[in-house]
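Take the given structure of chain A and dock chain B to it, following the hints.
So the chains spell out like this:
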Amino acid sequence: MAFVRLLKDIMKDKEFGKRWVPIIPDEARTFGLDSIFPTAKIYSPHGQRYTSVDRELFLSYKESTTGQILHEGINEAGSVASFTAAGSAYATHDEPMIPMYIFYSMFGFQRTADGLWAAADQMARGFLLGATAGRTTLNGEGLQHEDGHSMLIAATNPAVVAYDPAFSFEIAHIMEHGLHRMYGDAQENVFYYLTVYNEPILQPAEPAGVDVEGLLKGIYRYSPAPQVDGPKANVLASGTGMQWALKAQQLLAQDWGVAADVWSVTSWTELRRDAVEAEEYNLLNPGAEAKVPYIQQKLADADGPKVAVSDWMRAVPDLIARWVPGDYTSLGTDGFGMSDTRHALRRHFHVDAESIVVATLRQLARSGAVPATVPTEAAKKYAIDDVNAAPVGETGGDS
Amino acid sequence: MATERKRPVISDGLPSQLPDIDPEETSEWVESLDGVIDERGAKRARYVMLRLLERARERQVGVPPLTTTDYINTITPEREPWFPGDEHVERRIRAYVRWNAAMLVHRAQRPEIGVGGHISTFASSASLYEVGFNHFFRGKSHPGGGDHIFYQGHASPGMYARAFLEGRLSEHQLDGFRQELSHPGGGLPSYPHPRLMPDFWEFPTVSMGLGGLNAIYQARFNRYLQHRGIKDTSQQHVWAFLGDGEMDEPETLGAIGVAAREELDNLTFVINCNLQRLDGPVRGNGKVMQELEAFFRGAGWNVIKVVWGREWDPLLAADTDGALVNLMNTTTDGDYQTYKAESGAYVREHFFGRDPRTRKMVEPLSDDEIWNLKRGGHDYRKLYAAYKAATEHTGQPTVILAKTIKGWTLGSHFEGRNATHQMKKLTLEDLKTFRDRLYLDIPDSALEDNPYLPPYYNPGEKSEEIQYLKERREQLGGYLPSRRTSTKRLTVPARSGSPTSSAARASRRWPPRWPSSACSRTS
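If you're matching them up, the sequences are chains A and B in order.
Position in the first sequence (from 1) plus 2 gives the number in the working numbering.
Position in the second sequence (from 1) plus 42 gives the number in the working numbering.
Hints are supplied without guarantee of correctness; some may be wrong.
As the list claims (entries may be wrong) - Stretch by stretch, here's where chain A covers chain B in the computed footprint (C-beta under 8 Å, at least three residues):
id, stretch
1, 243-251
2, 294-306
3, 432-439
4, 452-461
5, 469-478
These aren't lab readings, by the way, just hints derived from the structure by calculation.
By construction, the Cβ of each residue, glycine as well, lies at the ideal position given by its N, Cα and C atoms.
Just chain A, with the same shape it has in the complex (with noise of 0.2 Å):
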């Protein structure tokens, strides 16, 4: 997982990395962070007063008294609880520490908002890692795990900001800024959720002169629209969604002559804040100029009927609905999660490239765009309604 790399890295650095807390409630190595075991050291009071089974393995599970991680065990009521001490120590012992705590995102805010909404209080800050987003990512785990809506009862949570990254760089950006607003100058009484996925992609390189304003306030052009001259359109995609959004850039243009922009939208719920700020503004000051959404500035000048994607429930890129110009869509992993594979997952919830294709072609038929017959040209090429039609994709990743 690209976001451990970049653990093992920041806790390096050695001002600065004491003050990291990783809490893991037993998924270290679902998550790949057993790697940092024999560099950190999982706290015990006690030490280690056992010779541990895999003492002679690179990777060997070590507890020290002066060990860095705190392992909860299954509990992420305690870890919550840690969480909220760690992230609160800049209060209560003038001394800021950094909690990093990951776990399994369905059993975060679902289980534990109640602790989060304490930790909200008592002005915590830090990072939540929600790992294994997704209700199609962690895919044969079936339905009590496969989170499609944690986002959701986050942006309940007025102290959260919450992102779901569709790439490394993207995290980074993220983290860093966060560092500064929680930690740097600005001392803010936040603290961030970040989504991350199990599923391995290539990650590429931070494109050049990458959209920085953008990613960080939550939407910015990530795949300009290939050189093809037919009608325009824009897939909106966050998270391990973006895959998908690529993927069906590149249909739309072979096979139906469709030019998309692809935006990765890095955070549906600060997109959402900032227009509801702003309609605040604009109520309270309605003689002055008003304020206009990042999100209607943003797409102001993007042509073309608006689709969204992503591996959450419909109700997370429809927080931004009303703001969105033109045309708007959204697909999404609404209803139970099932165990299969993440192919066949994604094409029983339509949110699968071909899916994606054919709810633009839709979009456009209705302006006119194209031909009304299009669509469902392509919903029969494709098979959309056919789980075995489905191309294969990747199958790996720990869960």
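Then chain B, alone, in the frame of chain A:
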């Protein structure tokens, strides 16, 4: 810090299938026990057995610990330390705090405001806090760094009332209780909310169950900071004030094993056992203190029960045949609650009257004297002894189970009544009774003028009580509750290939890093 380890990490226990290597000797032991029971009676046999168990532990013979003890104080009168305070003055302070706490809730019920509040929780726990404030809780300016205290959420009016006597809050501010938006100059939050009162409250506790859970992990995190060499927290104690009804939330009990395993002797739970939850008794048919004792002892905690006030000491000393202890052990919480809502005569008949020996024991006492046999959670000496023992105990966290009366001294409409948690205001008659009970110098006219707005009471800066209170807090490191608002900033290291540096962007590598200054030259 627990430098010496008194307990093994693995809990004591006995395998159930030990071979009997000498059956003859075993039967001699069994016969001896039979002999004691037959000749000296069960009471004597019980004593001998308990003494043998105690002796076995002393000699380090592994026998499982008993999970409950008798329904009496864990600390005997002989082992009580000298109470270092001026009890009279401290009671006066308590009376003022209690009156003002009740008045700020009552006044918040005035017409057109009617925002409510809870009177009875603090009424039952005032003594628990007062002993702490006067003798134990260390403030932020204490050289050791100060204690971390989780106040029971529903007791918030008591903390505001004390801050009023300390001069930290004005009458005007008290009148803003639960009116955070509309009260001129700002109001006071309903409960402990750091976000809404950042220089006062440190821990939010009112979501039932989270206070205890967070206190455990706070104590553990304090140890973690110590062990990692980040801060010396060895003089910092964590106190959590919890309700007996609240202990039904799985969050708290579910985590007590962590506290025992990590030997958090920097942690004390004080459970206010007023035997009542919102709707009725916590364990009407049982005994919540005994149940909690078993849970905590089983988990490896040090348990201190504070059941009875000092008035009971002579009676228990006279209980040579164990009749009184037996009554105490076998009376349900539901009955205990009812006694306190009735009268001395009722207690004589329905409690002491159940056994001819105990009936005889209280013959010399008047009904009033019986009524005045108090519960331990209102007795300074008993509480002081418990707190002192808790803070001096090593190797284990401590839980103090303090028996109290919900709505204590608020009058017959409150004390022990099932609806007391919801009651927000007092009748004129209640006000007068309450004032008399607290011996406050408030004339009838002041209460009759406007029963919605009875006056607060402040004996004045120069009074002995206020001087005493301030002196105590100064000794202990400043006023509480209090939260630190100035914070250190961290220098966030620049990431190599930071987006602000276009030169660096060209040579970006994955993963990006926040290197130490020495490393940043590589970018």
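Hint check results:
1. 243-251: n = 4 at 8 Å, threshold three: holds.
2. 294-306: As far as the stretch 294-306 of chain B goes, the hint holds, because 5 residues have Cβ atoms under 8 Å from chain A.
3. 432-439: violated (count 0)
4. 452-461: violated (count 0)
5. 469-478: violated (count 0)
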